[in-house]
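Chain P is already provided as a structure; the job is to place chain G on it using the hints.
So the protein lines, in turn, are chains P and G.
Per UniProt numbering, the very first residue in the first sequence carries number 1; after that it's consecutive.
Per UniProt numbering, the very first residue in the second sequence carries number 1; after that it's consecutive.
Cβ-Cβ distance ranges computed for the label pairs, FRET-style:
{"hint": "1", "chain 1": "G", "residue 1": "Q250", "chain 2": "P", "residue 2": "R313", "range": "34 to 40 angstroms"}
{"hint": "2", "chain 1": "P", "residue 1": "G33", "chain 2": "G", "residue 2": "G37", "range": "35 to 41 angstroms"}
{"hint": "3", "chain 1": "G", "residue 1": "L185", "chain 2": "P", "residue 2": "R349", "range": "38 to 44 angstroms"}
Since the hints were made in silico from the structure, they are not lab data.
Predicted model only: the values in this text are computed from it and were never measured.
Note that the Cβ used here is the ideal one computed from N, Cα and C, for glycine as well.
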Amino acid sequence: MDLARKLSILADAAKYDASCASSGTSRRDSVGGRGIGSTEGAICHSYAPDGRCISLLKVLLTNACAFDCLYCVNRASSNVPRARFTVQEVVDLTLDFYRRNYIEGLFLSSGIIRSPDYTMEQVVAVARTLRQTHDFRGYIHLKTIPDASPELMAEAGLYADRLSINIELPSEASLKTLAPEKDVRAIRRSMGRMRARIEEAKEEKRAPAFAPAGQSTQMIVGADDVNDRTILATSANLYGAYRLKRVYYSAFSPIPDASRILPPQAPPLVREHRLYQADWLMRFYGFEAGEIVDEAQGNLALNMDPKLAWALRNRERFPLDINRADRGELLRVPGLGKTAVDRILAARRVRAVRLEDLPRLNVPLGKVMPFIICPGHQPHRLIDRADLASRLAPKPRQLALAL
Amino acid sequence: MLHVTLESETDFEGWRRQARALVRRGVRPRDVVWSPGGTADLFGGGELPEMGEGQGEAAAFTVPRAFVELAETVVLHADPQRFARLYNLLFRLRETPRLMELAIDPDVARLQAMAKSVRRDIHKMRAFVRFRRVELEGVEWFVSWFEPEHHILKANAPFFRRRFAGMNFSILTPEASAHWDGVALSFGPGATRAEAPTDDALEELWRGYYASIFNPARLKISAMKSEMAVKYWHNLPEAQLIAPLIADAQRRTVHMMEEGATAPNARPHKPAPQVAEPVPQDALAAARAEAASCRACPLWAPATQTVFGAGPVDAPVMFVGEQPGDQEDLDGRPFVGPAGKMFDRAAQEAGLERARAYVTNAVKHFKFVPRGKRRIHQSPAVAEIRACRPWLMRELELVRPKLVVAMGATAAQAVFGKAMPVGKNRGRLLALEDGRQALITVHPSYLLRLPDAAAQAEEYARFVEDLKLARPFLAV
Chain P
1 MDLARKLSIL
11 ADAAKYDASC
21 ASSGTSRRDS
31 VGGRGIGSTE
41 GAICHSYAPD
51 GRCISLLKVL
61 LTNACAFDCL
71 YCVNRASSNV
81 PRARFTVQEV
91 VDLTLDFYRR
101 NYIEGLFLSS
111 GIIRSPDYTM
121 EQVVAVARTL
131 RQTHDFRGYI
141 HLKTIPDASP
151 ELMAEAGLYA
161 DRLSINIELP
171 SEASLKTLAP
181 EKDVRAIRRS
191 MGRMRARIEE
201 AKEEKRAPAF
211 APAGQSTQMI
221 VGADDVNDRT
231 ILATSANLYG
241 AYRLKRVYYS
251 AFSPIPDASR
261 ILPPQAPPLV
271 REHRLYQADW
281 LMRFYGFEAG
291 EIVDEAQGNL
301 ALNMDPKLAW
311 ALRNRERFPL
321 DINRADRGEL
331 LRVPGLGKTA
341 VDRILAARRV
351 RAVRLEDLPR
361 LNVPLGKVMP
371 FIICPGHQPH
381 RLIDRADLAS
391 RLAPKPRQLA
401 LAL
Chain G
1 MLHVTLESET
11 DFEGWRRQAR
21 ALVRRGVRPR
31 DVVWSPGGTA
41 DLFGGGELPE
51 MGEGQGEAAA
61 FTVPRAFVEL
71 AETVVLHADP
81 QRFARLYNLL
91 FRLRETPRLM
101 ELAIDPDVAR
111 LQAMAKSVRR
121 DIHKMRAFVR
131 FRRVELEGVE
141 WFVSWFEPEH
151 HILKANAPFF
161 RRRFAGMNFS
171 ILTPEASAHW
181 DGVALSFGPG
191 ATRAEAPTDD
201 ALEELWRGYY
211 ASIFNPARLK
221 ISAMKSEMAV
231 KYWHNLPEAQ
241 LIAPLIADAQ
251 RRTVHMMEEG
261 ATAPNARPHK
271 PAPQVAEPVP
281 QDALAAARAE
291 AASCRACPLW
301 APATQTVFGA
311 GPVDAPVMFV
321 GEQPGDQEDL
331 DGRPFVGPAG
341 KMFDRAAQEA
351 GLERARAYVT
361 NAVKHFKFVP
371 RGKRRIHQSP
381 AVAEIRACRP
391 WLMRELELVR
401 PKLVVAMGAT
411 AAQAVFGKAM
421 PVGKNRGRLL
431 ALEDGRQALI
441 TVHPSYLLRL
451 PDAAAQAEEY
461 ARFVEDLKLA
471 RPFLAV
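The following block holds chain P by itself, in its conformation from the complex:
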């Protein structure tokens, strides 16, 4: 099989992994080295028409797999064509793409062949060759395999910027049904070990490097009937327990050669988007997992963002005087992001922020105004209007517009 055909099979096999991040690692460059590569900024080198960034060469080493996870295009019982890269082929592709500035580095994963250790050894060999033989200093993300030996994990962490292991599904019951060979306990133990090693490497200067960009995971949304409340609780648990850098949500997407058990229709993509917004609220806006989803609903509203939905449920907290409210309160105003809040806080130390200043904050005024008070603006009981939700919810529009 020629290289182009292999690449097409093994990239196709890798595309259901949402992560393409290349951020948050130790800063390196190739000055004084024998090769190429640097890790300044997280650069997206291209975008596909699915709106996803292309930052890393994201491929599987092989899509042959002994596991039969029903949502996965590469499961043992699927009829997709199979291919396998040699270690050298992945190394060469990474370097050739990198030299042309197509990518920031490599995201390598693999189907499970023979045994966890055998598979992991192959994955680690690619990273080892890039780092040691070619002195490659770009970004490397390795998908780790639960139950691979501690020695292999240590070596993987030495070369990789980020390690990840997918939790796959938000509940153990779904995992049992859809991915019978996967064991949530083994996945969690691996995450726990990774956190311990990452922290040890950070705290002790003499300890060998271990995944300086931390670990992440992915959850498939919509392949089972778990609601958003449970999904966010699972995320909060994972962030707290394993200090994950990111939880990625991947809307279950119809795959070629699908299993009969799965829903044939994809969930709306906007659900994935709302989960990312909610995730952001937990990590950067001081929201608790439990308060983001309406208890009566169980799921996030699809027609408006979760912060607006929360504010409409908690109208008694508004309107807020933007010249007096503290940072935490301002962050809860719909339409105000972190930058706008920081600007308000800086400006009001010098003088009061007035109505005519607001347009220069670059915020959606229609959304913000009902929730705030400032000199020149009093929202005339707007907050009590029964139709506020329908006035503020964005008009429905097609997500995919013709080119």
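Only chain G this time, still in chain P's reference frame:
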């Protein structure tokens, strides 16, 4: 009208020097014309006015660091008025020293937006430069054609040098060109697209990757366009695929759904036969293996793993704590976190041989609530202690220690099967129903929570005294 000529389009130092001189003399912004790059003298020179009363050094003022940083970026902007706008802001800073903190000021907002546009252009150049490989007199060289929006080539070239130190490259733009030969970064005149190579053998492979990584079932064209503006497309080898991929996406998705489920692969990949899990050789190991999948109470779900006891099976003393903490939950062994370290230290001071002791917890899963990136310990409820008690009883039955040390109220409750207040019962040996002896003391994490050092030292000493009672059973 005063006319100031700058050496180049991006002459920040020149602007800074001249602007400083002008502002000291109180020259109003509307009386200055700035000409970058030594362009034709349109308005005539004009004389720099003499320093007046109260001007010059005395009138010197320092500008905030934020202004200098903003100016360094804004001079790279394509706007011909950028130097005048910067001078205007500098002039206003004399009257309003804290102006830079006011992002809501129209002038500040405008310049910050300009700086943002420059930073974005720099970032997009780092993203969308595409090198093509050529051989120049037998030497491998990577050449790119790029059309930046602002005057950013010089500012951005060092990034490419740091990234591609080990390869020769040139970046050609209409305004200037940058070259790296492995030794020095140099700049030359502008170029045309015709001077850049037109193809690279790798591009076909790259396009193949681009097409394969795209998921036709989730078209989000506006998201793509907002990050990869159409103006960049004509220099991106993969962009020629965008239209056909979109055109075909609907058909492929409908096909996938219509096709629906398929019959499973008749010859699935089989894993190598796994080595069977070793059968636990002794009863204690068997209990540990069994406890790993315990679901007698709901605490297992949010935790990482069951943390069973550890130590020799013939240990004369068993120490029982409350429950595993954050570290123990990750590690799988009891007493490895801060409280465990405190216990180790106290046990050593009390003259106990720690290695011969068996250590375990009343409850074998970590109970917590997540708070951002931390997990906050929660005391186990009576129902959870009760649900977990059979494991402790199994451990006691198998290890058969002569002395059981219960540390903290939870452990005491589990060991005695009823509430045993620590304060009233600590510091003396008690008899258990089965004839064993027991000792109650505080949990080492209680010592860690005490707010002041004096109380901590006092309580620690009491804890060590209590532990000394175990010495006859476990002397070094």
